[in-house]
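Can you join these two chains into the complex? Each is in its own frame, and there are hints to help.
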Amino acid sequence: MESAKQILLFESGNELAAHAAKQINYHVMGYYPITPSTQIAEYLDQMGADGLHTIALMPAEGEHSAAGICYGASAGGGRVLNATSANGLLYALEQLPVQSGTRLPMVLNVACRTVSGPLSIKGDHSDIMYALNAGWIILFADSPQEVYDCNICAIKIAEMLSLPVIVAFDGFFTSHQKRNSYVFADDASVQNFIGPVKRENTALQPEKPVTIGSYMNEPDLMNNKYQLHLAMQKARTDIAQVFAEYAQLSGRMLKEIKSYQTDDAEVILFVLGSAYLTARAAADKLRRKGKKVGVFTLGVLRPFPAEKITDLCKKAKTIIVADRQDSYGADGGNMSLEIRAALQQKGLTPRVISRIYGLGGRDFFEEDALELFESCCRENAPAFDYIGVYPGEEHFKPQPFFNAVTESENPSLISCAEEGGKVTAKGATVRDTTARPKRLAPGHGACPGCGIPVNVNLLLRGMEGNVVLLFQTGCGMVVTTGYPKTAFKVPYVHNLFQNGAATLAGLSEMYHKMQQRGELPQGDITFIMVSGDGGMDIGMGSALGTALRNDSVILFEYDNGGYMNTGYQLSYSTPMGAKSATSHLGEKQWGKTFFNKDMPRIMAATGMPYVATVAESEPNDFIKKAAKAQYYAKNYGTAYVKCLSACPLNWGDKPNTERKVIAAAVNSCYFPLYEVEQGCTSLSFDPEEKNKKIPVSDWFKMMGRTKHLCEEKHSELLEFIQQEVDLRWNRLKAMAGHPAL
Amino acid sequence: MKPSETFRERKPYPVSLPMTNENGCYEMRLESIGGLGANLCGKLLGELGAVYLGLNAAAFSSYGSEKRGSPVKSYVRWSAPEHEILHNSPVENPHLLVLFHHALSKTLPVTAGVNENCTLVVNTDATPAKIREDLQLYAGNIFCVNALELALKSKSRINMVLLGAVAKASGFIPVEAVKELVRDTLGKKYPAMLAFNLQGIELGYAGVTNQKFIPDGRFQKTEYREIRSRWGYKNAPVGGVNPHFGSTVSNDLSPSREGFIPLFLPEKCIHCGLCDTTCPDMVFQFLPGEYRNKPTMMNRGLDYHHCKGCLRCVDVCPTGALVSGKESEHPDKKWFVRNKDLITDNLDFEPQGADPWITGESYLDEKRVDGGLM
Chain X
1 MESAKQILLF
11 ESGNELAAHA
21 AKQINYHVMG
31 YYPITPSTQI
41 AEYLDQMGAD
51 GLHTIALMPA
61 EGEHSAAGIC
71 YGASAGGGRV
81 LNATSANGLL
91 YALEQLPVQS
101 GTRLPMVLNV
111 ACRTVSGPLS
121 IKGDHSDIMY
131 ALNAGWIILF
141 ADSPQEVYDC
151 NICAIKIAEM
161 LSLPVIVAFD
171 GFFTSHQKRN
181 SYVFADDASV
191 QNFIGPVKRE
201 NTALQPEKPV
211 TIGSYMNEPD
221 LMNNKYQLHL
231 AMQKARTDIA
241 QVFAEYAQLS
251 GRMLKEIKSY
261 QTDDAEVILF
271 VLGSAYLTAR
281 AAADKLRRKG
291 KKVGVFTLGV
301 LRPFPAEKIT
311 DLCKKAKTII
321 VADRQDSYGA
331 DGGNMSLEIR
341 AALQQKGLTP
351 RVISRIYGLG
361 GRDFFEEDAL
371 ELFESCCREN
381 APAFDYIGVY
391 PGEEHFKPQP
401 FFNAVTESEN
411 PSLISCAEEG
421 GKVTAKGATV
431 RDTTARPKRL
441 APGHGACPGC
451 GIPVNVNLLL
461 RGMEGNVVLL
471 FQTGCGMVVT
481 TGYPKTAFKV
491 PYVHNLFQNG
501 AATLAGLSEM
511 YHKMQQRGEL
521 PQGDITFIMV
531 SGDGGMDIGM
541 GSALGTALRN
551 DSVILFEYDN
561 GGYMNTGYQL
571 SYSTPMGAKS
581 ATSHLGEKQW
591 GKTFFNKDMP
601 RIMAATGMPY
611 VATVAESEPN
621 DFIKKAAKAQ
631 YYAKNYGTAY
641 VKCLSACPLN
651 WGDKPNTERK
661 VIAAAVNSCY
671 FPLYEVEQGC
681 TSLSFDPEEK
691 NKKIPVSDWF
701 KMMGRTKHLC
711 EEKHSELLEF
721 IQQEVDLRWN
731 RLKAMAGHPA
741 L
Chain V
742 MKPSETFRER
752 KPYPVSLPMT
762 NENGCYEMRL
772 ESIGGLGANL
782 CGKLLGELGA
792 VYLGLNAAAF
802 SSYGSEKRGS
812 PVKSYVRWSA
822 PEHEILHNSP
832 VENPHLLVLF
842 HHALSKTLPV
852 TAGVNENCTL
862 VVNTDATPAK
872 IREDLQLYAG
882 NIFCVNALEL
892 ALKSKSRINM
902 VLLGAVAKAS
912 GFIPVEAVKE
922 LVRDTLGKKY
932 PAMLAFNLQG
942 IELGYAGVTN
952 QKFIPDGRFQ
962 KTEYREIRSR
972 WGYKNAPVGG
982 VNPHFGSTVS
992 NDLSPSREGF
1002 IPLFLPEKCI
1012 HCGLCDTTCP
1022 DMVFQFLPGE
1032 YRNKPTMMNR
1042 GLDYHHCKGC
1052 LRCVDVCPTG
1062 ALVSGKESEH
1072 PDKKWFVRNK
1082 DLITDNLDFE
1092 PQGADPWITG
1102 ESYLDEKRVD
1112 GGLM
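Taken in order, these protein sequences are the chains called X and V.
Mapping of the first sequence onto the working numbering: residues 1 to 741, in sequence order.
Mapping of the second sequence onto the working numbering: residues 742 to 1115, in sequence order.
Pulled out of the complex, with its shape left as it was, chain V reads as follows (with noise of 0.2 Å):
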């Protein structure tokens, strides 16, 4: 059998890979929640390898229903042209690890893994040193990107400061080599952004600040593993079957929000109960009372673990007593409820995406910066 004639459309750029894991792969994991374009980042992580660096790639992400802020990790492994990548299973042990998205470091174990020759960039507003603090990190190099500011300054988006970043901090990618695998592939199909994108990738790219750290014993290091509900063969009700009903209340949704929340005037309320009808997360707690010398229901307030932030309820709201603000300007909420039927006081909130799956293919994943099309 004669190899058949196979070639490459492109010279790639000669680079070699700083350090490998014992399978001979640099591994790098992406995490984010959907719809902020890890998961387009990590195909294109995979094909700057394979096209523009001429090595061995493979990506992939954990893949679920379509839902968009929901948590998403993206994997990409890049080996020697010569090396086989035989895993196919989930990135365990980053040698670059990127987070979208600052809030992910209080809800998901996202670190795991992470040893003291990984390096991090995190998208956020923070220092290396606060971020150290925030993730209770082992070790590692840290670099820091204001990623969404970067984004709405070049009109382009996270996942293209990103990548500029990324290519800083690996040490390794040519970031030219970034920017022709961006005007051949998004430039390509969405041509009236290309100029935004490549501004994009150059911001991120000059824009990180690190800092190492090394293992100085203030942390543990976290290890991969599988997250196991407390129900088992042995002691779950048979045929999936859920007893536990009205469960979900348990979650809390605020990582889901993206910045903005519904703020409540009292004051202006007319108790029309709109709000409530509009509220896709039953985040509205209304109660008998008296308005207006009548006997009536009446809005009492909010539950905000609910609250996903979509603000449909401002837009309803007749007279103004529900108004968008900023999350972070508002840390005391007074107007703060609790579900008013719930019969415990006893309730441990689990941080969740809005879907504990993630985003896929959808055909519009991809074109949306932080609560907006593009």
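Just chain X, same shape as in the assembly (with noise of 0.2 Å):
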């Protein structure tokens, strides 16, 4: 193969991930955003705008239907690619040996992330770790360099093998980090080196009808298996050529184990990602003075080069092998349980020495490459231990700053009455709720203007009594409960954004029958879950289910139209036509391409008892209604409440100017406000008899990322939302004049 012309860039792993995504221009990439793999589908989102490939991207609800996205289409024939990291490869863990076993090629990209709980966006192994047994191949690239000839690798290693390859690197050392890189001028070597895709047993050959996906008893799958165990086995022969062919095209050489200083070393150190580099400058000074100290990497997991590792390290005394993840209880993290078990086959008994370092995206300077050289090879080092951990300040006792907000510190303000199926609720102004004591302490660090703690605050002011809070993931969690620190003066707990509901029912369930059963003392306690749109597209499952198991408790949801904890990419409720991170400007695009999920209507259809929808701009209705859901909590099972919630940030508006911008959302009847209570509509405000009622242009020109909707050359698309905004607005006031709905 000829060598082809290259050219100068300076970018990220994940600017060139995409960057060879386009380049091969798969059929489909199906994803959902996760820090910090998310930026892969933005630039291939801007540069779809633009016009420079013709790749399908697919943003489905949640990591498991993207995974089933790509499942999907690879069952096709065609291209295919998926992005993520952390609980997203977690939550997609099932499908991926549905994938390796029923042998499918594509290309997952893994920027490596630590798992949750407690959350943390930043960089370690304890993701990828867990794909080491689902049948795919892992390659493993340590600069944004690598992340590039990987991927290009990755699609022509997966068609080769009828295997899923997955390319992983160090979630921001690598994904985010910007370095001289080398791109091919054209596409087409790219396209030349893959080739054309070829792919013999598809689900789209009516003429040549094949069932994929068959029920298999023992003998069978035990030979289905032995074929994956076969193909990995032909893997270590099949990457090998790859890696060589495309040293030819590139000149650079890819390699399943990568060494420093190794051939006459006493001591190798062993580290995957980012840190091989750092640890490679550590040698260097060690080697200045003497030592025979080197390191080595790998740039294959799976198949695993046990031999080319033996080889390596046949002459050491001391190998340590630093993990960037633990597998809890088995003194090591995977990488050193795999290179002890290999180093044991071959009969080799250097002394092994295993650390756990850089969890949570900790940095790992230069400075720790020594240390670890150093302490390891003191005689009583311990065979296994964490570097960097440290036992806090002995004597230290954080002092209280507030009395916790019980019942008995919360006056009572607000009585509930009903009569003829309707629910009242007096005593819920504005002014004398002022007298409550906020369940929020101040110094959270939402960004100025922010709408989550106004509409947070504003539906804690209903709530009489005892509450207990359980935030799903997103910017409201993360601003919160920054540790050491926490907002919180009530009992709060969070889980990750598709189980909030659940989890929340579980815990009301638990308070009820410990209380039946005499180990809690009597009382009321509203359990109240806060999620913002993104948990109401991934978690909508999970609070469907607790709607329809009629669970006592209360979920609000703070809708600000995207996922702005990760940068704003669309969810499902980002108006129709906005622009996202996810849903670019461009030549060929104009912003999201489908309307907002009307989420009351899909939780009214549950028929739980109480739904009801608030706007800051009306604060007054906003607390009734919260001390009406707190009385249909108690007494009737679930109850949904949702606000819009102003994002200044990545609405692109003004902080100071946001109520305002809710106000005319309700006046365009994009956001109307009503309720649903036991199955019947009415109207809390009508724009049209107030003579308020605007055109939904008048709400989307005050917002940076929509108003270019308004422009003359969006006239028809802006036409098309008008009619939908009417539609749901008629039928909602159909709705509310009808007895029975």
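Note that these hints are calculated values from the structure, not bench results.
Don't take every hint at face value.
As the list claims (entries may be wrong) - From the derived model, a few chain V residues whose C-beta atoms are all more than 10 Å from chain X:
# : residue
1 : H843
2 : L1006
3 : P1029
To be verified - In silico PhoX-like links for lysine-lysine, alpha-carbon gap of 20 Å or less:
#  : chain 1 : residue 1 : chain 2 : residue 2
4  : V       : K930      : V       : K1009
5  : X       : K660      : X       : K701
6  : X       : K654      : V       : K1067
7  : X       : K317      : X       : K346
8  : X       : K588      : V       : K752
9  : X       : K588      : X       : K707
10 : X       : K660      : X       : K707
11 : X       : K588      : X       : K22
12 : X       : K707      : V       : K930
13 : V       : K930      : X       : K588
14 : X       : K308      : X       : K234
15 : V       : K975      : X       : K397
16 : X       : K315      : X       : K291
17 : X       : K654      : V       : K896
18 : X       : K733      : X       : K690
19 : X       : K707      : X       : K654
20 : X       : K660      : X       : K690
21 : V       : K752      : X       : K5
As the structure is a computational prediction, the values presented were derived from the model and not from experiment.
Every residue gets a Cβ at the ideal spot worked out from N, C-alpha and C, and that includes glycine.
Take a look at the structure:
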């Protein structure tokens, strides 16, 4: 193969993964945003908007579905891409053996990040090690350049072996670091290297029908898995062959195992990922002092290059294996365990020292590598330990700042009464409820002007007595609970946003059960889940399940129309036409392509006793509905309350104007205020009647994310959106006017 | 294996690095708060080195959640083309340190790792001598530039002005190379802004004043150190459980403000409570009292420790009792009232930007200048 022309770029791992994908021109990418891998989809969306590729980008409502999209697309015979991290990988994990067991090739980029909980977004290898048993080939890149190179090789390897391939690299350290990198000047160089797509069995050939995904009993299944094993064996030579061909094209040789100064080394340090380069610098320093030390790393984790490792280590006296994750209870991370096993198999008996470092994105400085070399060479060095942990201040006792906000601390301000199937709340005024102690402390880290604390506080003003809060993952959770501080003055639980409603249902049930058994005192607690609209995408099933069981909880949604915590990717509640990091504007694109999800109607369809929409621009109405939600949760079951919540950062408007922006959304009937009590709909505020109705464009032009929709060239689209807004509003009015609806 | 044909699309400006550390690198650190464009500035400096100056370069930021107003650190390493950059860790001893916001000096150890060879570029209207006092700086060559004023004057952005100032302060970066970079990158993305941005660079280049300070024993060196919490593996409650409820109250959020605060005129207040419904930061202190001969909840004032200056309250106040004012003109605030629910007088405030993490790649992130959209 002839070498091909390349150009210098200054790009990050994520940018280069996207660049490679664009040059491969995959057919389909299914994805769900999760830091730090999200940028790959974002860059591809931008390039798609600019007409640079023709990949279909499909935003799923969760990683499990993203993996499903990829599985279906790869069953069709074309080229398929995905990108994820951390709990995204774990949420998709169930689908990984399905993909490999049925032998459908695709490529998954994993920008490695620590797995929750406690939640952290930074990089380590605790996610990728879960994939070791999934039957996927796993390449590991230690620099942005290698991310590019591995991505191009990955699709070729996948198709040669009919196996899916993961390209893994360090989150942030590699995914977000920009470096001098070379890419092929012409996409054709990449296309020629990988060749045309050729797949034998697909689900898109009616003339040649095949069944993909048989039910299998034991002997057949065993044979099927042996085939997978054989494919992994074959991969050892196929990968080497692809790497060699790629070296001819690019001048860069990818390797299954990379080493530095190991030939005569007495002490060899193994590290994976970006830390390898830093460790090399440390080895240089020690070599200058006459110490015989070396470093090695792996470019391929599956199939595991055991023989190459034992070859490299056969003369060394000490092997230090530093893992950026722990296989808890096994006295080593997974690389430690596998390297030890490889050495044992060859009868090699060097001293092997295992160390855990750099969890949760803790930086790995050259000094850390030097310290590893020095401390592990001591005679009495333990075989396994963590580096960099500290015991804390011995006599530290944080002083209390507040009294807990319990029922006795909380004045009774509101009373609810029921008449003719309707509940009314009295005393829930803005002025009087300023007497309610805040359940959230100030000093949280939300952006200036953020709507989340505004809305949560308004909701809590309507709540008498004790409350327990559960926040699903999102901005609201991140800005209130950054360790070692917390803003909450009442009991609080976080769970990942697929699962908050179910978690709270379990907690609420435990409360009642323990009361029944006399293990907790009688009394009342109101259980409230707080979620963003992102949480109501990925966690919709859990929320619907809770509503269908009619558990005694309140589900509160702050809808800021996007995944703001990860940098504003589109959610299903983002307005149609709005731009976001995954719905860019460009020659070929005009923002989000489908309508905002009508979540209150979906919830109402469960038959739950109370559904309400609220807006901060109508604070009295808001507090009353909060009080009613508490009444319904106590007496009837699940209540769902949804507000539109301002995000000045990503809406592209000024923080001080947000209440007016919210009012405009209400007045345009984009976000109508209404209730569904025991199945019956009533309007809380009719902008037409009050002569306040405005076209939706008057709301759109207040925000940077939507103001382009008011330009002449988007008039048809705007008209289309206005029609949908009118349709939903008219339907709502009709329901409000009907006694059975 | 024959080396592949690689090429540069442009001929780099010939430069040689005036100094490097033992790893062969010239290192820069940019200290900022989210929204001022430090992240972009770091990336541009990296690209400048890689593409326009013919160097090896690396650029990255301390990353976190996508928040505005929180501390950002951006790191850039340059080395000679034949020298591979190995380190992926933060820059500890910068040759060049850029402070995007004068106010940062009072809150964070932004000058950690600075030694006498360091060049500092500070966005401020103060003099180098004043800055040295504020920073309690051991030594270094301080270049001051009023980037906010020059950004407004040129209708460009703070980071453009600072790029120009960095070129000047470095002593070896050709300003022409910086302009070419901006023409090729931002100029293509936002063509309408190009002329303003180029002018911003020029004003920054021409607008610095500097003074060099030798180690004279007045201030100590600050070592670069990891920030540690007081809970460790021996005393932290297991599972990350946090029993210290309401503890964010000890955060002082004033560094999040961008020059403006709400002023309270109690004589105009009708105690309607609307401000308290719009404040995201629980700043207003309502206590029982008597208004127009009726017992009622009354607005007694604001706890400015937690005010981020969003001015939502000014917008909703129906009587003009809350108005916007320049913070610098109101050092004493009669209506400053401590959070009424606190049960301790003994509170050590910890200055914080909005979120202890930082802003990332939000698509609107780089288009803002102090409080407003471009």
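Proposed proximity, K5(X) with K752(V) (alpha carbon, max 20 Å) = holds, 17 Å
Please work out if K315(X) and K291(X) have their alpha carbons no farther apart than 20 Å.
-> Holds, at about 15 Å.
Compare the distance between the alpha carbons of K588(X) and K752(V) with 20 Å, and conclude whether the hinted pair is satisfied.
-> violated, 34 Å
Holds or violated: is the Cβ of L1006(V) farther than 10 Å from all Cβ atoms of chain X?
-> holds, 17 Å
Between K654(X) and K896(V), is the straight-line Cα distance small enough, at 20 Å or below?
-> holds, 19 Å
Is the straight-line distance between the alpha-carbon of K733(X) and that of K690(X) 20 Å or less?
-> Holds, at roughly 15 Å.
Could you grab the alpha-carbon distance between K930(V) and K1009(V) and see if it respects the 20 Å cut-off?
-> The hint is violated at about 48 Å.
Given pair status - K654(X), K707(X), alpha carbons within 20 Å | holds, 14 Å
Does the structure keep K588(X) and K707(X) at a Cα separation of 20 Å or less?
-> Given that 20 Å is the threshold and the Cα spacing comes to 18 Å, the pair holds.
20 Å Cα cutoff - pair K654(X), K1067(V) | holds, 17 Å
Decide if the proposed pair is consistent with the structure: K660(X) and K690(X), CA atoms, cutoff 20 Å inclusive.
-> holds, 17 Å
Pair hint outcome, K317(X) versus K346(X) [Cα-Cα no greater than 20 Å] | holds, 15 Å
The structure fails to meet hints 3, 4 and 8 from the earlier list, while all remaining hints are met.
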